Amino acid sequence: MHGMNPDDHPLLQGLNAQQRAAVTTSVGPVLVLAGPGSGKTRVLTHRVAWMLGELQIPPWHILAVTFTNKAAREMRHRLEHLLGDESARALTLGTFHATCARILRREADRLGLSSSYSIFDTDDQLAVMKQVVGEMGLDEKRYRPHALLNAVSSAKNELIRATDYPIRTYHDEIVARVYEQYQEVLRRNGGLDFDDLLMETAMLFQSEPSVLTYYRERFEHVLVDEFQDTNMAQYVILRLLAREHRSLYVVADEDQSIYSWRGADYRNISRLRQDFPELQEFLLEQNYRSTQVILDGAQAVIARNADRTPKRLFTTRRGGTPIVLREAYDEREEADYVAKEIGRLLRTGYAPGDIAIMYRTNAQSRALEESLIRYNIPYRLIGATRFYARKEIKDVLAYLRVIQNPDDDVSFSRIVNVPPRGIGRRTLALLSEEAQRERSSLSRALLSLTAQGGLTGRTSRSLTAFAVMLQNWIRLREELSVVQLIDQVLADTGYESYTRDGSEQGEARWENILALRAVVAESPLIQLSDFLEDVALVADVDMLSDEVDAVTLLTLHSAKGLEYPIVFLTGLEEGVLPHSRSMESPSQVAEERRLLYVGMTRAKERLVLTYAFRRGWRAYGDGEPSVPSRFLEDIPDEVLSRPAGSASFSRPRWKAQSWGRAPGSSGRKRAKAVQRYRAGQRVHHAYYGDGIVIESALEGRDEMVTVLFGNGVGVKTLVSSMAPMEPLPDH
DNA sequence: ACTTAACGGGAATAA
DNA sequence: CCCGTTAAGT
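Counting in my numbering, the first sequence runs from -2 upward without gaps.
Honestly, the hints are just simulated from the structure, not real lab data.
None of the values given here were measured: they were computed from a predicted structure.
Restricting the straight-line Cα-Cα distance to at most 30 Å, the calculated cross-link-like pairs of lysine-lysine (DSSO-like) are:
#1 LYS127 - LYS388
#2 LYS337 - LYS713
#3 LYS308 - LYS601
#4 LYS138 - LYS388
#5 LYS138 - LYS127
#6 LYS127 - LYS391
#7 LYS391 - LYS138
#8 LYS337 - LYS601
Build out the structure end to end from the sequences listed, making use of the hints.
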């Protein structure tokens, strides 16, 4: 610093002018608006390092909120590296949910909650909601637990309590009562759901000035990544914390807001400007990730969204390989193309870890997996059956949860008869009655019944045996580590022989349990409560290890914040992206567009877009051919390359013939059909192979071709403009 | 009284 | 395809 050129400051190495300005600015409310690949997280990390190293702010006064646990871990590593000391250790760094969970554990008594409260995940929430709907005598068809949960979740994200739920219709009335009852059941279980973690923290800050003051002093400086994806509850937490010291540093990109269905609201950016009028704003417009071609394609897609600030993103990586757009016959052929193409890229020197395949819905991964297996390409799947949502893992965790929090009836009901020990529905119902009489939980009712010797009849023996085990575990909890406790539970319940039933899936399930055990063994000193909290709040992307060299399969949502040299985006069809459930509302379609934008901007060097002519699993059957995604129309031809794929694949006037809007929407392009096929003609189909035309007729503006294929395929009727098929020369 | 095997309906994204 | 429900089996 003494006479040193500020550009040589070790904490500013490798940053451009815009980034440096953002990192070194004075303490106060700051908004960094940044495009993809512009070094958002880097700026955030360097800003924290700047505050610690240059401004001499003690680490325990800093709270940094990241979007995933993985991002938090990485930031801590980078900070340790940048600062060369341990000061990053004392920093509070984590996701909103993890941070709130910790605050609430500390303040549990103020909420009338045990500090060993359970965190209820989606499955648990559904179990509670079903119980509520059942108890209230509502018709599950009319009042779908899923829909009710959504309503409750939205209310919580907006900080609306059950008693304040706005009632305009009879349906609202029901929702309000369901909401109230749902909270009642949660509370009896000593549980909080994901939304409660945020809502209760926000409301605690609102209602307890002393608590707010404490955390305000504690977290004098607050920094937030992915601010565009905060919801109202999160915004209120930030606003309250920062109101006094006004040191709030947020990084955002409205074009990457993809979680509105979870209550996220990018208008929080405008709220920030209103609530902190002295806000300093910085723009990061240089993209360091993608080639010009990829950036141009992505920009063209996002530019069509209204209500956004236009940005002038640029990169010095001129040119680049064109974006590949490829039509496939169906999801299987699409997957085969992707796998084959990956095989080719691997032979040119890319590593499997350089490649990601992205899709809108988890269900799409199946076909891709099958092809990758067939082509012997190593891959790993993010999401789908999430590790911690697997039955066997949830079972073990449910045991631990009951041991940790005996009021957790949801977990108790889950494991009381797993492995089967003769405690069926009827017995559980009796136990539930007893619990209601005693106004206590299932496990407490069981323990007191056993203690009184009040059990008779056939089931008494199994119930008593279970009660003895449970009591023993609760006692052992004090003495044993989490690993030892898991081992004890597995041994006592005979879970291994129950799981390993000789089937292949049984072996896989047991391996999953061993994997869980290994995770615990990595932190041998962890407290049970901390372990359960960590496990409840991990995201699938958190478990992405950089050391595994495999192709990554993931949803577009999980892809946020990641980057790969090569990205395949699959299923670019109307109904898939944009998703059919989003097509009624323009704002939801706009979000789908942002989702595509997020996906495209993950790619550094190569981007491949694919769509299928047919997609089997789609609800409207195999009769209806797919329509390419409307978003593809916005990508300029100059950045696209449309490979013929197999030789059979060239289709003249392809665009004019097969492009259109969603079925039913206006603006479908009309193209006069030309008869390309006649009876007796030989054809080649990309998927079905060679065949002979039996009949061909113009129908409306399309040509319907009936073909007899070989190799046992048989007769198929195809739409000429859509089928990946072409006439073969006669000879 | 419980368990298991077979069946039919509804399927986004996720901390 | 994963689920919840139902009917038959122990």
